[in-house]
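Student: Each chain, letter by letter, is given below.
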Amino acid sequence: MTDATTHAATRPSPPSLIEARNLSRRAPGQGAWLFQGISLSLHEGDQLALRGPSGAGKSVILRALALLDACDEGDVLWQGAPIDAAAIPSYRQKVIYLQQRAAMLPGSVADNLRLPFAFAASAGKSYDEAQARSWFARLGRGNDFLTKNARDLSGGEAQLVALVRALQLAPQVLLLDEATSALDAQTAASFQQLVTTWAADRPNGLDHGLSLGRALVWVTHDEKQQVSLSNRVINIAGGRIP
Amino acid sequence: MYQSLTYLQVALAGALVLVNGALSALLQLKLGKQLAIAAVRMVVQLLLVGLVLRFVFAHSSWFLVAGLIVIMSGLATSAAVQRPDRVYTGMWWDGLMSVVLGGWTMGLFAAFVVLRVNPWYQPQTIVPLMGMILGNTLTGVSLGINHFTDSVVGERDQIEAMLSLGASRAEAARPALSKAVRTGMIPTINGMMVAGIVSLPGMMTGQLLSGIDPVEAVKYQIVVMFLIASGASLATVAAALLVYRRVFSARHQLQGWMLRERRK
Numbered sequence: 142m143t144d145a146t147t148h149a150a151t152r153p154s155p156p157s158l159i160e161a162r163n164l165s166r167r168a169p170g171q172g173a174w175l176f177q178g179i180s181l182s183l184h185e186g187d188q189l190a191l192r193g194p195s196g197a198g199k200s201v202i203l204r205a206l207a208l209l210d211a212c213d214e215g216d217v218l219w220q221g222a223p224i225d226a227a228a229i230p231s232y233r234q235k236v237i238y239l240q241q242r243a244a245m246l247p248g249s250v251a252d253n254l255r256l257p258f259a260f261a262a263s264a265g266k267s268y269d270e271a272q273a274r275s276w277f278a279r280l281g282r283g284n285d286f287l288t289k290n291a292r293d294l295s296g297g298e299a300q301l302v303a304l305v306r307a308l309q310l311a312p313q314v315l316l317l318d319e320a321t322s323a324l325d326a327q328t329a330a331s332f333q334q335l336v337t338t339w340a341a342d343r344p345n346g347l348d349h350g351l352s353l354g355r356a357l358v359w360v361t362h363d364e365k366q367q368v369s370l371s372n373r374v375i376n377i378a379g380g381r382i383p
Numbered sequence: 013m014y015q016s017l018t019y020l021q022v023a024l025a026g027a028l029v030l031v032n033g034a035l036s037a038l039l040q041l042k043l044g045k046q047l048a049i050a051a052v053r054m055v056v057q058l059l060l061v062g063l064v065l066r067f068v069f070a071h072s073s074w075f076l077v078a079g080l081i082v083i084m085s086g087l088a089t090s091a092a093v094q095r096p097d098r099v100y101t102g103m104w105w106d107g108l109m110s111v112v113l114g115g116w117t118m119g120l121f122a123a124f125v126v127l128r129v130n131p132w133y134q135p136q137t138i139v140p141l142m143g144m145i146l147g148n149t150l151t152g153v154s155l156g157i158n159h160f161t162d163s164v165v166g167e168r169d170q171i172e173a174m175l176s177l178g179a180s181r182a183e184a185a186r187p188a189l190s191k192a193v194r195t196g197m198i199p200t201i202n203g204m205m206v207a208g209i210v211s212l213p214g215m216m217t218g219q220l221l222s223g224i225d226p227v228e229a230v231k232y233q234i235v236v237m238f239l240i241a242s243g244a245s246l247a248t249v250a251a252a253l254l255v256y257r258r259v260f261s262a263r264h265q266l267q268g269w270m271l272r273e274r275r276k
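Protein chains in written order, with my numbering: chain F, 142 to 383; chain W, 13 to 276.
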């Protein structure tokens, strides 16, 4: 048990960002449980690794935290409150899920970065090209990368674009699903570096008195990554937390 | 001017099926049996329709006409939902709503605004008109459903990427919706482009054969083309939107698992 008990001991009760209460989901149409009775809370500063064999349910749990699938039972709370349907798009800009196969939309890399700013949930946010360039520079990509056609990117390059596309929305939580699976070791290291720098950064200001602190959840098969990126581990087996 | 046909004349044309039969035998196409079935079906179906229409025309009552239109709409719906490659629960009802929206709106518009048929249920006008409108509406419905479900399945990752970045369900579905509606409208646009060039439209041909002045026939045909175009477009949009409401939940989730491959 690396969950709530050890957590409380190591830090003075930081506010909970996401709280999952007794989440269960069946496979659509079949009825077999994909995961069952999952309860966990994610606090500011958490770098949580979900660990377990393939098919244990790590990805579907991550998707459930992003509210991308409907659960049969249980609730996901954001800063202690339930999330109603109208608030889901803005919740998903605070809690961004990065899929393993990073999906690019038609157009250039820059078009892909501009895309989310067209959504109603992005009101008040705007595309900052200089910021995007500096992030790409840290990932070893030059200025011409922005004009590349997104359809021509390799799987690894698409993962980099997906990360920057998410970071520019200033999320509070990143849910990373094997997000470096297609990267070479060196680029994966810069990716991790960027993510940990982002996670440690605590922006000033108050969002209506709520916490602006950050956290991340990481699903990976890479043992080294688990050690270097997480300060908490939850084991998943057969869709449950044993 | 108008020449009535005797059954002997019809039989003479029917003898032509022997030409197809001979070709099949000569080239060993093994189509003889299918050809015979198709020919018999065609004759029986058309004779039955003729009898039903004769009955409806003779009685000219609003409930017979309305009943016939309801049956025609049901048949159009069944034909429309048989074509798409994917199926889902509730598809028939979505199809019916789209057929009714596209077809009946145009039928009412034609009867009360354009042609001002009196009484509105005058079967000689309303029944063939609804037949043409519904026939094209069903194409619109099946294209709308087919293209939208195709896009949703084929671009699932992109749609979920947009949802993950804070798109509402409407924002995430918009590219797939507009693609579906665009492709759904292409046959209508093409139909208007070539009208009268490649072949004379069926209704116009019929009117010419019955001795109507060509310009009068053309005026009718233009009215019908516009009714068909609008009916098919309305139905395509309605069908795509109805599928959208089922496949995207109110909580902005893509429920792609609802779409099952059609068992062939």
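I should point out that these hints are in silico values taken from the structure, not numbers from a laboratory. Remember, predicted model here, so these are calculated numbers, not experimental data. Each residue gets a CB set at the ideal place from its N, CA and C atoms; glycine is no exception. Hints are supplied without guarantee of correctness; some may be wrong.
[Claimed, not checked] Derived CB-CB ranges, DEER-like:
#1 F:Leu218 / W:Val125: 54 to 60 Å
#2 W:Thr101 / F:Arg242: 24 to 30 Å
#3 F:Arg162 / W:Gly166: 54 to 60 Å
[Claimed, not checked] Derived lysine to any residue pairs resembling SDA-like cross-links, with alpha carbons at most 25 Å apart:
#4 F:Lys235 / F:Gly221
#5 F:Lys235 / F:Ala326
#6 F:Lys235 / F:Arg255
#7 F:Lys235 / W:Gln265
#8 F:Lys235 / F:Gly379
#9 F:Lys235 / W:Gln267
#10 F:Lys235 / W:Glu183
#11 W:Lys191 / F:Arg242
#12 F:Lys289 / W:Gln170
#13 W:Lys191 / F:Arg292
#14 F:Lys289 / F:Gly221
#15 W:Lys191 / F:Gly248
#16 F:Lys235 / W:Gln170
[Stated by the list, open to error] Calculated from the model, a selection of chain W residues having no Cβ within reach of chain F, i.e. all distances over 12 Å:
#17 Leu35
#18 Leu38
#19 Met54
#20 Ser73
#21 Trp132
#22 Thr137
#23 Leu177
#24 Gly178
#25 Ala182
#26 Arg194
#27 Ala207
#28 Ser222
#29 Asp225
#30 Arg263
#31 Gly268
Student: Hint by hint, note whether the structure agrees.
Tutor: We went through each hint and held it up to the structure:
1. At about 55 Å, the CB distance of Leu218 (chain F) to Val125 (chain W) agrees with the hint of 54 to 60 Å.
2. At about 29 Å, the CB distance of Thr101 (chain W) to Arg242 (chain F) agrees with the hint of 24 to 30 Å.
3. At about 36 Å, the CB distance of Arg162 (chain F) to Gly166 (chain W) disagrees with the hint of 54 to 60 Å.
4. With a CA separation close to 15 Å, the supplied pair Lys235 (chain F) and Gly221 (chain F) stays within the 25 Å bound.
5. At most 25 Å may separate the alpha-carbon atoms for a hinted pair to count; Lys235 (chain F) and Ala326 (chain F) exceed this at roughly 29 Å.
6. Restraint check for Lys235 (chain F) and Arg255 (chain F): the C-alpha separation of about 17 Å stays at or below 25 Å, so the hint holds.
7. For the hint linking Lys235 (chain F) to Gln265 (chain W), the alpha-carbon distance of about 17 Å falls within 25 Å, and the restraint holds.
8. Between the alpha carbons of Lys235 (chain F) and Gly379 (chain F) the distance comes to roughly 29 Å, so the proposed pair goes past 25 Å and is violated.
9. A C-alpha spacing of about 22 Å is found between Lys235 (chain F) and Gln267 (chain W), which places the hinted pair at or below 25 Å, so the restraint holds.
10. Restraint check: the Cα-Cα separation between Lys235 (chain F) and Glu183 (chain W) comes to about 18 Å, which is no more than 25 Å; the hinted pair holds.
11. Proximity of Lys191 (chain W) to Arg242 (chain F) is assessed by CA-CA distance (about 24 Å); at most 25 Å being required, the pair is judged to hold.
12. The straight-line distance between the Cα atoms of Lys289 (chain F) and Gln170 (chain W) is roughly 18 Å, inside the 25 Å bound, and the hint therefore holds.
13. Proposed proximity of Lys191 (chain W) and Arg292 (chain F) is supported: the alpha carbons are some 19 Å apart, at most 25 Å.
14. Proximity of Lys289 (chain F) to Gly221 (chain F) is assessed by CA-CA distance (about 42 Å); at most 25 Å being required, the pair is judged violated.
15. A threshold of 25 Å between alpha carbons decides the hint, and for Lys191 (chain W) with Gly248 (chain F) the separation of about 16 Å falls inside it, so the pair holds.
16. Taking the CA atoms of Lys235 (chain F) and Gln170 (chain W), the gap is near 19 Å; set against the 25 Å cutoff, the hint holds.
17. Against the 12 Å criterion, Leu35 (chain W) stays outside the reach of chain F, whose nearest CB is about 49 Å from its own CB.
18. Taking the minimum C-beta to C-beta distance to chain F, about 52 Å, the non-interface status of Leu38 (chain W) holds against the 12 Å cut.
19. Every CB of chain F is more than 12 Å from the CB of Met54 (chain W) (nearest about 41 Å), matching its label as outside the interface.
20. Once the 12 Å rule is applied to beta carbons, Ser73 (chain W) is consistent with being away from chain F; the minimum gap is 48 Å.
21. Once the 12 Å rule is applied to beta carbons, Trp132 (chain W) is consistent with being away from chain F; the minimum gap is 43 Å.
22. Distance to chain F confirms Thr137 (chain W) as a non-interface residue, since its nearest Cβ pair spans about 48 Å, more than 12 Å.
23. At roughly 4 Å, the least C-beta separation between Leu177 (chain W) and chain F is not larger than 12 Å, which violates its mark as non-interface.
24. With a least CB separation of 4 Å from chain F, Gly178 (chain W) falls inside the 12 Å interface cut-off, contrary to its annotation.
25. Once the 12 Å rule is applied to beta carbons, Ala182 (chain W) is inconsistent with being away from chain F; the minimum gap is 9 Å.
26. Separation of Arg194 (chain W) from chain F is adequate, the least Cβ-Cβ distance of about 15 Å exceeding the 12 Å criterion.
27. Residue placement check: Ala207 (chain W) keeps its beta carbon more than 12 Å from all beta carbons of chain F (closest about 34 Å).
28. Non-interface status of Ser222 (chain W) relative to chain F is upheld: no Cβ of that chain comes within 12 Å, the nearest being about 52 Å off.
29. Every CB of chain F lies more than 12 Å from the CB of Asp225 (chain W), the least distance being 52 Å, so the non-interface label holds.
30. Its closest Cβ contact with chain F, about 5 Å, brings Arg263 (chain W) to no more than 12 Å, contrary to its assignment away from the interface.
31. For Gly268 (chain W), the requirement that its beta carbon stay farther than 12 Å from each beta carbon of chain F is not met, with the minimum near 9 Å.
The structure shown violates the earlier hints numbered 3, 5, 8, 14, 23, 24, 25, 30 and 31.
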